[in-house]
Amino acid sequence: MKTERLDAWTSEGRRVAVWRSAPEDFAPDAPIVVMSPGFARRMRDVGSIALCLVGNGAIVYRFDSIDHIGLSDGDIRNFTLTGMRQSMIAAIELARATENRRGVRLVAMSLANLAAYQVAAEDKDIERIMALSGVVDGHRTITEVTGRDYLSMAREELPAILPVMGHDVDPVPLWTDSRETRCLSYERTIRSLKAISAPVANCVAEGDPWVDVGECTTAYTDGDGGERLVIKLPYSGHDLGRNPVAVMTILERMASLAIGNGPMHDADPQAVLMPTFDAVLEARIAERQQDFSEQRAAKTEGSPAV
Amino acid sequence: MFTQNLAPVSLIDSVVFGDHDWLENSVEWQADLRLELVREAFAHHLASCPQYASFADRKGVTAEHIQTVDDLVRIPQLPTSVFKRQRVLSVPPDEIVMNFTSSGTSGTKSVIHRDGVTLHRLCGMMRSDSPLFGNYLDGMDETNSTIINLGPSRSDSGNVWFSYVMSLLEQMAPMQSYVVGSDLLLKEAVDDVRRSLVEMDKVFVVGPPFLVSDFCQEVIGAGAPLEGGDSLFVFTGGGWKNRESERMDRHEFNKVVGEALSLADPLQIRDVFNQVELNTLLVECEHHRKHVPPWVHAFTRDPVTFEPLPDGEAGVLCFSDATAKSYPCFLVGDDVARVLSGVCDCGRPGVTMELVRRLRGSSHAGCAETIRSTVQAD
Ligand SMILES: [Zn+2]
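Sequence lines, in order, name chains A and B.
The first sequence: position 8 = 8 (the UniProt record's numbering), numbered continuously.
The second sequence: position 255 = 255 (the UniProt record's numbering), numbered continuously.
Next comes chain A alone, as it looks inside the complex (with noise of 0.2 angstroms):
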């Protein structure tokens, strides 16, 4: 898998960095996936998914949102769910120029699903959406992770600072964005999936304490704007990442919905070539490297010259 690093910018201007990786020779009609990480996790975080859709194929962006941990523009404490489909739409819009084609698919984690519903309801050529975790419900996800209802609360009530995932947050950007967009809202979600006609899947743990299975079938349900598939893993927990043979297991299914062709619950995960344990490490540690080398540059970039 080759990896090269390129800069994306939202329409205020603001960088979002993007790694492009693509197999060393692919077809014309090769499938473009842009993947987003989920709240709190970098691109480099993928890293197993995007060797496997390369394994098989596809050429994938991925991108760190602005306003998140990462590599592109701003600091997570003013992280807005706006700030991430804007840095969506910016990874889309570079893959559609390097590539020149419009038909890209969207892989999606966690909270990043709702960015990818939000973007794909506006936007015809997103032929399909697969997302791992995915989100539904932003409002009720968020006030599970951080213990109470803030979004509902008034504006004097936020406090100042608001641990999210091991992150301090400040609430006020969230909390506003919420308040302007509805972006959080399960009714918006609705909203999008019901103007999406494209085939739409989530992998869902059952004992996912963040995205409950029932509250996605009943979001598929409502939402009928095309193909919804629910895929229920029996496993718990929220970062199915950390499990490497789950991984395994998931990325067989999710590589074949993500590039398939036909319809998502036809897909054939046999047909899909699975990267090696070495191939898995080597990657990851590679990228970490990339990663690290990327922020060194950033900050000899950003330092005032002396």
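No lab work stands behind these hints, which were simulated from the structure alone.
Check the hints yourself; a few may be wrong.
According to the in silico footprint, chain B covers these stretches of chain A (three or more CB under 8 angstroms from chain B) [as the list claims (entries may be wrong)]:
hint: 1; region: 118 to 127
hint: 2; region: 217 to 227
Some chain A residues well away from chain B (every beta-carbon gap over 12 angstroms; in silico) [to be verified]:
hint: 3; residue: Asn56
hint: 4; residue: Thr249
hint: 5; residue: Arg253
Glycine included, C-beta positions come from ideal geometry on N, C-alpha and C.
For chain A, the structure is supplied; the task is to place chain B with the ligand on it using the hints.
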């Protein structure tokens, strides 16, 4: 709207990769889990490894015989010499990722064939928040820590198991390896540690004890003190190999290393036990006992009769490791040890192991006398 289900993850994977801390559970709870995990592994190898199945058949043991924790000792165990003579596999040959050998320089070596699942499980244990490491790696992460490996890099380690395992620690934090070809680049390693102590919160020096000893001599010889303080950690494994004559006892080793590297606390030095046939790391706690996770059944056997020995009695160390999928990891080992069940002096409940010494002699068949004299000399 379509709904599909994926196959469940096995119990062993949910324990190895999951985030529950078995050390928070009682000895009995761990024993029950061990029974379930090792019995499941036994059933797998009976069904998938014809050589092992016929061996178990000759011993007259089936999965049904393993009903209680006490029955685990009945699982037929292979002498390590079996892996020197034949290819023992519990998965189709095309699933094997690598064939590993021990690092010894003499005699025929064991060859252990590992598949991706078996290796993933080993890697799954090697994370800083795994109960396997107690709290030795607390606060370590890939952004604040670096590892100086007194061994070859993974790509240079070839099929040598110990080198490969140590190189896998790289998944926890960036690593530099200082054995190139047959040379240990001591000066470069020392310079790297000095540099890293300035830049990083935690610096780990990993390697066999004899190379750590060489590293310390290099530091002393350089004349410039190395201030390890509470930031430098030393993680040893693999024993003294062909430098057995230089072996220091643990107390002396800690003193020499602690002084040479100006460590704030000798507990920053820890040892790990592993061998090519075993798929799990047994990591030392604050009280120098190696804790045995619930997927490994460890006990000792009488060197002459091979009968299982009671808790705490020195004997031939035996293992049943449920994380090995590609080969039956039911072993009569090459060491003399004591195995204890209960609450360790460090406060953690479970099974612990204390090595007494390596067995002399190269195979178990016909070496009972050697084994016995080794044990009796203790
Ligand atoms: Zn202990």
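(message) At 12 angstroms, judged by beta carbons, does Thr249/A keep clear of chain B as stated?
(response) The claim breaks: Thr249/A does not keep its Cβ more than 12 angstroms from every Cβ of chain B (closest is about 6 angstroms).
(message) Under 8 angstroms between beta-carbons, do enough residues of the region 118 to 127 of chain A, three at least, approach chain B for the coverage claim to hold?
(response) Result for this restraint: violated, n = 0.
(request) Check the non-interface label on Asn56/A: least C-beta distance to chain B beyond 12 angstroms or not. (result) Its Cβ never comes within 12 angstroms of chain B, the nearest being 17 angstroms, so this holds.
(request) Take the region 217 to 227 of chain A, compare each residue's beta carbon with every beta carbon of chain B, and decide whether three or more fall closer than 8 angstroms. (result) holds (count 5)
(request) Check the non-interface label on Arg253/A: least C-beta distance to chain B beyond 12 angstroms or not. (result) Since the minimum Cβ distance to chain B is about 6 angstroms, Arg253/A lies within 12 angstroms and the statement is violated.
Hints 1, 4 and 5, counting from the list given before, are not met by this structure.
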